[in-house]
Every structure is written in C-alpha cells, then in structure tokens.
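Peer 1: Listed in order, the protein sequences are those of chains A and B. Take the first sequence: its letter number 129 is residue 129 in the numbering used here, and every next letter is one higher. Take the second sequence: its letter number 281 is residue 281 in the numbering used here, and every next letter is one higher.
Hints were generated in silico from the structure; no laboratory data involved. All clues stand as given, with none of them false.
Same chains, same names: a pair is fine if it fits in one copy or spans any two.
Lysine to any residue pairs mimicking SDA-like chemistry, simulated, CA-CA at most 25 Å apart:
#, residue 1, residue 2
1, Lys486, Val289
2, Lys322, Glu359
3, Lys568, Gly135
4, Lys431, Glu518
5, Lys269, Pro323
6, Lys322, Phe267
7, Lys486, Ser432
8, Lys290, Gly484
9, Lys566, Pro549
10, Lys566, Val548
11, Lys288, Gly484
12, Lys269, Leu251
13, Lys288, Asp483
14, Lys322, Pro506
15, Lys486, Asp429
16, Lys486, Thr427
17, Lys486, Val548
18, Lys498, Ser432
19, Lys566, Gly135
20, Lys106, Phe128
21, Lys293, Lys486
22, Lys486, Arg564
23, Lys486, Pro549
24, Lys322, Ser357
25, Lys179, Leu96
26, Lys322, Arg510
Treat the numbers as computed from the prediction; the structure is a model and nothing was measured.
There are 2 protein chains.
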Amino acid sequence: MLLLRRCHSLTRFGSLITQRHQVTPAVASCAARLCSSSSSSEDHRSHQRVHSLSWKHGLAGLLAGTGAVLAYGLHHHHKAERADIGVQTLKKSSSLPVFSQEEVTKHRSLEDGIWVTYKGGVYDITEFVAMHPGGDKIMLAAGGALEPFWALYAVHNQEHVLEILSDYKVGELNLEDLKKQQAVKSSDPYSSDPERHPVLRINSLKPFNAEPPPEILSDSYITPSAFFFKRNHLPVPQVDPASYQLHVEGLPGGVLTLSLEDLKTRFPKHTITATLQCAGNRRSEMNKVKLVKGLNWGIAAISNATWSGARLRDVLLAAGYKPDVAQWARHVQFEGLDTDVTGTTYGASVPLNKAVSEEGDVLLAYEMNGEDIPPDHGFPVRVVVPGTVGARNVKWLGKIIVSAEESSSHWQQNDYKGFSPGTDWDTVDFKSAPAIQELPIQSAITTPADSATIDRSDETLTVKGYAWSGGGREVVRVDVSLDGGKTWQVAQLRSGEKGQAPEPSPPPGRAWAWKLWEITAPLPPDAQELEIVCKAVDNSYNMQPDTVPPIWNLRGVLSNAWHRVKVKIREDEDEE
Amino acid sequence: MLLLRRCHSLTRFGSLITQRHQVTPAVASCAARLCSSSSSSEDHRSHQRVHSLSWKHGLAGLLAGTGAVLAYGLHHHHKAERADIGVQTLKKSSSLPVFSQEEVTKHRSLEDGIWVTYKGGVYDITEFVAMHPGGDKIMLAAGGALEPFWALYAVHNQEHVLEILSDYKVGELNLEDLKKQQAVKSSDPYSSDPERHPVLRINSLKPFNAEPPPEILSDSYITPSAFFFKRNHLPVPQVDPASYQLHVEGLPGGVLTLSLEDLKTRFPKHTITATLQCAGNRRSEMNKVKLVKGLNWGIAAISNATWSGARLRDVLLAAGYKPDVAQWARHVQFEGLDTDVTGTTYGASVPLNKAVSEEGDVLLAYEMNGEDIPPDHGFPVRVVVPGTVGARNVKWLGKIIVSAEESSSHWQQNDYKGFSPGTDWDTVDFKSAPAIQELPIQSAITTPADSATIDRSDETLTVKGYAWSGGGREVVRVDVSLDGGKTWQVAQLRSGEKGQAPEPSPPPGRAWAWKLWEITAPLPPDAQELEIVCKAVDNSYNMQPDTVPPIWNLRGVLSNAWHRVKVKIREDEDEE
Chain A
1 MLLLRRCHSL TRFGSLITQR HQVTPAVASC AARLCSSSSS SEDHRSHQRV
51 HSLSWKHGLA GLLAGTGAVL AYGLHHHHKA ERADIGVQTL KKSSSLPVFS
101 QEEVTKHRSL EDGIWVTYKG GVYDITEFVA MHPGGDKIML AAGGALEPFW
151 ALYAVHNQEH VLEILSDYKV GELNLEDLKK QQAVKSSDPY SSDPERHPVL
201 RINSLKPFNA EPPPEILSDS YITPSAFFFK RNHLPVPQVD PASYQLHVEG
251 LPGGVLTLSL EDLKTRFPKH TITATLQCAG NRRSEMNKVK LVKGLNWGIA
301 AISNATWSGA RLRDVLLAAG YKPDVAQWAR HVQFEGLDTD VTGTTYGASV
351 PLNKAVSEEG DVLLAYEMNG EDIPPDHGFP VRVVVPGTVG ARNVKWLGKI
401 IVSAEESSSH WQQNDYKGFS PGTDWDTVDF KSAPAIQELP IQSAITTPAD
451 SATIDRSDET LTVKGYAWSG GGREVVRVDV SLDGGKTWQV AQLRSGEKGQ
501 APEPSPPPGR AWAWKLWEIT APLPPDAQEL EIVCKAVDNS YNMQPDTVPP
551 IWNLRGVLSN AWHRVKVKIR EDEDEE
Chain B
1 MLLLRRCHSL TRFGSLITQR HQVTPAVASC AARLCSSSSS SEDHRSHQRV
51 HSLSWKHGLA GLLAGTGAVL AYGLHHHHKA ERADIGVQTL KKSSSLPVFS
101 QEEVTKHRSL EDGIWVTYKG GVYDITEFVA MHPGGDKIML AAGGALEPFW
151 ALYAVHNQEH VLEILSDYKV GELNLEDLKK QQAVKSSDPY SSDPERHPVL
201 RINSLKPFNA EPPPEILSDS YITPSAFFFK RNHLPVPQVD PASYQLHVEG
251 LPGGVLTLSL EDLKTRFPKH TITATLQCAG NRRSEMNKVK LVKGLNWGIA
301 AISNATWSGA RLRDVLLAAG YKPDVAQWAR HVQFEGLDTD VTGTTYGASV
351 PLNKAVSEEG DVLLAYEMNG EDIPPDHGFP VRVVVPGTVG ARNVKWLGKI
401 IVSAEESSSH WQQNDYKGFS PGTDWDTVDF KSAPAIQELP IQSAITTPAD
451 SATIDRSDET LTVKGYAWSG GGREVVRVDV SLDGGKTWQV AQLRSGEKGQ
501 APEPSPPPGR AWAWKLWEIT APLPPDAQEL EIVCKAVDNS YNMQPDTVPP
551 IWNLRGVLSN AWHRVKVKIR EDEDEE
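Next comes chain A alone, as it looks inside the complex:
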C-alpha cells in the first residue's frame, strides 16, 4: 500500500503531530477515494451498516498476524509514555455525549474527523489512522462500525487492542441506532438475503450485486468469501440442506435425484482453484464511452476461490450418461432454486463437451474456500464451470438437464452476448451472437487507484493488479506501461499467497485461476503525471485490445481493453 509505505517513512521524522499534518493531504485523498463508491452505492450505505453486525467467517491470517500484533504493542508502549496527546482517555461512559448514527456517519475524512462505533461506543480515531499497522484499510470503517472488520481481521481480538481503542472514545451511540444494527427482517422478497460485509461496493441492493475495493481484491490470492464479488439475479433462496434435492434429467435412464449427502458421499470430492468473473466486470469504462444497460461494475467483479464438490462428469455418468448421448445432446442446462415473482428460475447452460470432459473440471461445488458455500454464493450447491463466464456458474442448483438445446432462459438467449459497437437496441438481433461461455484475456490495476498522488521522494512506484483468461488459458505475461502505452515493462506474476509457495503449475488448458502481478519501477524523472497501463497475454498469445470504444457494446459486457490509471507525482518542493 502506497499510503502505508508513506506512513512508515514519515514516522522517521518529527513528532506525531507533525507527522499527522504532513500526511494529511495524502490520507485525505486516500480517504476520499476509499469512501467514494459507485453511483448507486451511496443509497445503500445505511442498509449496509444495518446488516453488518455479525460475521461468522473468521479469516485469521489475512494480515500478517505477528507483525501487526508487534506493531500494536509497540504503539501502545509509545503511547503510554506520551503526554502531548489531546484526546482524553475516558473509560466511563456516563459522562460522555450520546451521538446518532447519522452524526457518526458524517465523520469519515481527516477534515471532518474519523469516527467509528464499537459495541455502542463512538470513537474518534483521527489521530490513530496514520499509525494503524494495517495501513489505510482502517479508512474502510470510517463513519461506521468496527465489528465486521475486526471479525475478518482476527488480530484485533486482543485485550491491548481494546485498550488502544478506549483511548479514543468520545461518546455513546444512541440506543435506537444501536438496535438498528440488529437487522430487522421485513416482508420483501429480499428480506432473507444474508448479511454482507460493509466494505463491499454495492451496485444493486435488490438483487444484491457488489464488489470489493480493488486494493483489497489483490491482497489475497484466494479471495475471502466475504469479499468475493456478489452477483445475484434474484433474491437469495433459503435452502434447507437436510431436504435439499438435485434432479438430473434428460438422460435415457430417467431422472436421478440426489441429496446433499449423496453428492458428498457417492462421488469423489474434487477441489480446484478457479477465478469467476462477471461478464459485466469493468462495465463502468464502457459507460464512459456511451451509456450501456447494466450494473456499473468497477474492476472488481472478479474473484478467486477454491471450490470443492462432485465432478459434474461423475454425476452425469451416474445418471446414465454414455458417449452415444453426444450424438443428440449438445448442452447441459442448469436451473437455480432462485425464482422471480412468476416462479421462473434462474437458468443457463454450457456445452456438453465441457460438462463431460475429464479436463473440463466442472464441479457441483458444496464448499468454497474450505467451508460450506455461503448463501450469497449458492448454498448448498452451485455449479462451478471454470474458465467460463460467471453467469453459467449457476448457484443454488436445483436441476441439471442434458439437452439438444441451450437453456431457453432470458440470461442464455437474450443477455450475456457480445455485439459490434455499431449495434444498438433498435438493430440488435440476439440470435445472431453466441452466448458468452469462455471469457477473453483480462487484467486490471488494483494499486495505485486512479487519481492517486505519488511523492517524488518515493523514487519508485509499485503497481499491482490481477490477470486472468477464460477457457483454462494461462496468463503468461503482463506488460505494464507508465507512459500511456509507449514503453512497456514486464511485471512479476504470482500464483499463490505472498511469501508462500505458488500453486503447482496447471496442466495445459486447465489454468482456471488468475495470477496476481506486481512491478516496482523507478519514477520517470521528468513526469508530473503518469498514465499507468496494463495488458496481459495468455498462453494462446491473445492480447487485450488497446481501447474501449471499438469493443463497446450495448450491454457493456466483455470490457477487457487495457486498464488505465492516471496518477499525479507531487514534487518534494510542494511539501516543504
């Protein structure tokens, strides 16, 4: 993290107060960035808070645990010796003012102060931001509750962390807002939707569609399930795992019905690491060219997880699939248990050869990242069709149909297809284009963020991102340019958590997982602004197109042009 690095370098000089003043512009810019969401998410901010209290998914080790604890300890020790800090350490709540959530929410920048709530207390942590061992991630909680973040970052579950927090207490949250933090279920079809992590940037609340902040996305090779982008088409169905049934139809032997227990015990458990990407990832860049229909996704409608389950191939064989079926069958259809008001289920299909191939690795997955699949991702069973657009990875799977025809669903027939930039809603013929299956080569820059400011004194710049290609094609190279595409350097690729051994190299055509990449390059001596660009290459040597307009399409799908980010370089003179 640039900000974290800057914070660390600043602590070498001057007093804490001076440090804070020095760091203000950068932190403020960062805070502004972190707090700004996509156009539609602002409306959902209060909802996010309401639903953000309890977090089952303890994700220990997401931060480097030991280092962070040491840093906290160190801070606490220093802090105890300080006498010049203006914030009072108040332990008794009775003497403190009571604030509304609305008031707390106003404090989410260094200018207005950074407030957070925790178990009914209100804390002004403005002073603490620059010292936070976890860097600028603390800004994600600005104006809201700490609980969901601390649940994710288990390192906070220590007494001395609470002691540090108590130093910053400035008030109490009023009872009414505290109660609101317990979700009240309403009668609308989305009332039983699960709680989500408030860090997600919401593109649509009902159905729920949200993506993580980019800088969090590239922190982990395996995306924690809570941060994995969510793309629901309908309300999340509540499925009782004990009575769950999966029906397999269309084969000569008749219908095969399997319970969850059947899936887990009658078939070998197979695990893959696979990246899923929404066809609309990076749609916002197409919207800048000309408005399209669709959710305004940023660059993070893509995530990577491990998936375990029964192979679809094994289940189809058990249901009577034999090679001669391929003489008439061409597709395998999936129906979800999620329905609209008319009872129509979500549906999609994939080519039969992908479904039955030993090398296709299509799973009926019941685990995500080693745990039961969370409700938002298809509990208890979803299809994972690695290398294939998210829309075919049907969640809450209810039915599998071997068929001569593609799924007749809206999403297969009249959506998720690509068209020429010259095609508009008056001329489009959905039958003229194939349903998106494999996705093309993709990459994006997660750090630095667009419009960030880099200090000249940093001398180098670290750029990070992800790269992935569909169809099991392995990413073999990512080129990065700091001058808008005139000259290029090759980034380091990574296929595992940082500091850990990389995942074993996949067999040809089965590279289902993304690669994270990183490059540290000297700041160009005379530049005042950099246009950072990335482009990836897969092992079929497919490249990303240079620009957005020639791939623009009316649905805003398949947005995979070079990703571009502009940053400013601040000369040292400006600071002194």
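Fit chain B to the given chain A structure using the hints.
Peer 2: Frame of chain A, contents of chain B only:
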C-alpha cells in the same frame, strides 16, 4: 475484383480503343501492384520462371467456368468483326522476330506493354488485358510464361482460346531461354526442391518460403495446394513412399514402426478442414514499426485445406499409450526427415493432452485436398495439429516421441515465442516465454489492396478477407470500418465455397477452419480516402489488438493487430 467490375462497366461505353485509354490508369496501378513483390522476391523471378513449366495440379473450376467460356466466345465473335485493331494476326512464325526472356521480362506494364510466352511464342497482350474475363489475374503472368496459369485455370484448354492468343503473337522466344524453361537440377541441397507456381510471392528461395497474392487467397474457401503458403525450414527431402517408415517411441511397449501402407490401412481415415498459419504471418507490419528478425511475410502466410490421415490418438494407442502414461509424459515430439548439413532434423512438440484427445483431431495426414500431400507440404506424411501454429505441424514426419519434455529443437526452445515490446536481443530470455501453440484471433483484408483507387461512380465498395482463431475457437463476427476504426459494420461470414452449401457447423472447440468474409457498403459521400479496417471476434470473444507497436516483438511473430488498408476515391470529374 474491382478491376474486373470496372472493365465490365466500361465495355458499355465507347469504342474498344477509347475504353483502353480510359482504363489505363487503373490497370497500370493494378499492374504495378501485382508485379511488385516483397523485397526479396525480385531476385528469384528468373528462378520462378525456370521452374514453372509443368503443372500437375489441374484445378478445374477455380474460376466460374461457364461464364468465362461464354465471355471468351463473345469476345472472339466481336473480334472477328473488328477491322480497326492495330495488332496483326500472324500465324507463321518464320517471319517473326526472336526475343530473349530478358526482353520479354521488360514488358509487364501497360506503359511498356504486356508480353507473355506460350510454347516458345511471344505474345503482346496489352490490348487484351482489359477484356480478360478473369479480370486482373492475367497481370500475374505479365513478362513470363502462360503455361502454369493455364494449367491451373482449366477453362483455357479450348481451341478458340488459342485462336485468340494467336492474334497477339509478336515473336518467338530464343531457343536457349526456351530450354531454360526446363528446370536444370544443380548439386545444391535445394536442387531437388519441387517446382512451384510462379504466382507465389517468394520471401526466401532456399529454404523455400512463399505466399499467394491476397486476392487469390480469398477466392477459394479451400486453398488449392499450389497456392497454399509454403514455409520450409530446410531443403525438401525426397522420400520414397514404398520404403517410408514412421517410428513411434517413448511408450512402454517399445518402438512401433509403421509403413505408409500401415498408416493407410491399419487406422481409420479421418478428414478435417483446417487452416494453418505461420507464426510470422503479417510480420511485414511489425517491420514497419521497427525491424525484426524473420521472413517479411505479408498477410497470406495462412491457408485452408482438407487433410486426411490417421488420428495421432489412434496411432499412439496402437503404440501402447494408456492413460497412466499421462502421469509422467507431458509432450509429444515430432521429428521431420528434413535435415541441415549437420544432420539435425526439424523438430517440434505439442502438449500430450492435445495429441491424445478425441477432440484434438491431430492427424498424421497423407492427403491434402483429396490428393497425396505435395512435396512442399510434407509428402508422404505430415502432422496436422489443427488450431496450432504452423511450426508444430511437422512435415515429412519421421519420428514421434512421447516424452516428459518438450522438443529440444531450436524451433521449440529458441524461436516461435512471443515477448514484450520492451524485450530486445540483449535482454531476451527464451526460457521465460512459452512456445507458441494455439494462435490468437486473426483477420485481414484481401481486397481491395492497399493504395488501390476506387471510382466514386462505383457507389459501393466490396471488402473481402479472411478470419481465423487458434485452439478451435470459431470466428463469430468480423467488424469492418471504412473510417479508420471510428464506426463499424458487421461483415457476412462464409464457411464454404461461394454459392455452395457451407460446411457443417463444427462442435464447440473444434472450429479448425477459417471463415471468409465480405461486406458491400456505400462509399461515404465526402471521403477522398478511406482507411479500411477489419477486426475479428472468436467465440471466446477474444478480439484483435488495435495497433501494432504494443504487440511488436523482436521475432515479429503473432502479428494480429487490426488490419488496415488505405484506398483513394477518384471522383468522376477526374475521368472526364
């Protein structure tokens, strides 16, 4: 053909003489284009002639036979009535001057006159060019022999065609040059190389590397073998089919040796239509950015043929391949029978899973377009690895080795790999990039040619080309722009010969053949020049990159940016 259409429209007005004068500038420009070859081909022109006498490959029906014959008849009838033609009809050869081949070669433009030779006679066909029913293709023979072209276009084998020709006789070819037209074999390693069609544009004579003119390439969905691009790395070996042996090694059962007869009789004959493309196709466009190492291919180092032979899968199974081999083996290596002076053979390898997959369709082919594979294309047996770069489709196949390692050949290890544009010969590490296997999405414009002139009175413009993608990915769309990429129209795709039923749609992932495409669009009213651009999309929705510089690489491979052609529009006023 634009020129042909122009000729037809012109014959509606004025006398023949007037017509010729009107048409001169366009024909001259066209002639200049057709006669200009790539930089290196000029040196080989005389060689081409020497080797161009006999043509076994009768390719009847390449032109629409009936129409052309009617046109000839019509012409002959009109001609017989004419009295104002200046060229004398001379039947007796004794009274005619004798010319050297050198003198004939000087006459290959409308300015200098168009001369051709036929069976020792020299003919000035300048007058006839605008009337040729086959359009501007006649210019391909300018300054040389007619025989190889007439052998290809069987419609010429009629008495009245000879009568027409005789009208234009102006002399005799001297005996010495006539004898030279019988190839004299020398002692150099390339002396037994086969004869080639003189229409090919030679990029290198030894080894022989040549491509057809683009406008011929897109005339046929199945490229006639004589026109199929030739890419040899070494002299063509002379292989006796009766004693030919293929060795299959590396499997537990020991070495399997097969004769040509074994291949033809012990295994089912399997036929596919597959496009092969050289990794260096369109390299000349990279050379314009910055010089690269490699043959200066135009856009026609790609061709499409039907291939028949035994499946490699079947042969490997017969040689003892079992699934457990895949536990240690990863590659299948191929060695050619072509050798350099040290005895090193050409070699390459492909991933094992491609080789053994039922859907991989890898052939040990002994037929091309329904006949024995011609010497230049690997007689008697070559590997056809559909969807994979030409370099792995090893010709004159001598040995197959199942192996844990890739081929150690120069061409696998230190060639045919892609690099970042920032990588130069000082920094390149060939181990850092994967050997090219599947090729990326590709398309190019075959008609009109760059720098062609279009008449405003034509009102519409027809653009033609080809599109193909590697890995069995089907081309699903070609976008064409007449304004340099600002606006786009969708071209018509074709997967069969014109006027015939298209080939059946391939199963997913097995679209090995290209598509030809065509679009007829109104000429933009105010434009004086058009920048025509094409870009293709495959069913993984991979697109071509916009520009060449960002994909430039030191070997000039994988050149698949949008193809661009500039044409001028001539206003009617200019002509009158």
